[in-house]
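Q: Below, each chain spelled out in residue letters.
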Amino acid sequence: MRIVWSFPMWRLLILAVAFLAGCASTQSRYVLLGVTYPPLPEGAEVDIVRDGLPDRPFDRVSRLDVHLERTHFIGSDLEDALPELRRQARLSGAEAIIEIQEQRSQVGETKIYHVTAVGIRYR
Amino acid sequence: MTIGRLLHVAARLAVILPLVVACASTPDRPKTSGVVFTHPIEKARQGALDALVVLGFDVKKQDPTYIEGFRPRKVGLLVGSGGETVGVWLEPAGAEQTRVRVDTAKSFVGIVGQKNWDAEVLGQMEKTLGKPQ
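Chains as they are written, first to last, in this note's numbering: chain A, 1 to 123; chain B, 1001 to 1133.
Bear in mind the hints are in silico, worked out from the structure with no lab data behind them. Be aware that a few hints might be false.
[Stated by the list, open to error] If you want a taste of the chain B side facing chain A, the calculated C-beta under 8 Å gives, among others: (1) 1036; (2) 1053; (3) 1074; (4) 1077.
[Stated by the list, open to error] To give an idea of the chain B side of the interface with chain A (calculated C-beta under 7 Å), a few residues: (5) 1054; (6) 1056; (7) 1059; (8) 1075; (9) 1076; (10) 1105; (11) 1107; (12) 1113.
All of these numbers come straight from a predicted model, not from anything done at the bench. Just so you know, even glycine gets a beta-carbon here, dropped at the ideal spot from N, CA and C.
Model the full assembly from the supplied sequences, consistent with the hints where possible.
A: Here it is as structure tokens:
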């Protein structure tokens, strides 16, 4: 049997892009908790405090949420969420992230990962 | 049918499908009594917003007594997910109490990969607001 490859390459490309674009989503937001600060510039350092609280005094600035979903049974973890978590922290004027809480679940072949944290500003 | 023909059909579907899946259903206000949280409506409303965000809903409507969210669709190998619309109705049930009703509407396209989120939304609200009465 002879396989006929009459399908133009650009159509294959559209198909691949449509497929890949539709299999993952990232949602994020921040909610200010009271005192407001101006956003930090892009690329500004944001500390990640994984355990406990910082030694220096600080104010809680924002609640941060990052939500990742991927199909094909591919999971996500904190490392995948950190760039977006840091970006939301900067937008809210936070210099560090504390109280990181992770939640994982699954719907069919979609793996869901959600991280909630608190953005803080050092005094 | 040649492989080229199959890919041709698949490419057409890739163009048509996003147009079709744009259709979403609208949740109906439940006739049940719902649950009552011991918090004023503003705090209960924030709890509902947080719950939708944690569950991956894009908040589409934010009225004082109604919140609506839509879960983005994902294409899977066999079964995708998303496409559900959740409605949360809030009603004062006293100075410090708020009655909450939740309904999930599934859309026709991709219904196999969709689920009812009512219990999950109330469960997430419980985490921030405490157990309802």
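Q: Which constraints among the numbered hints does this structure fail? Numbers only, ascending.
A: 1, 7, 10 and 11
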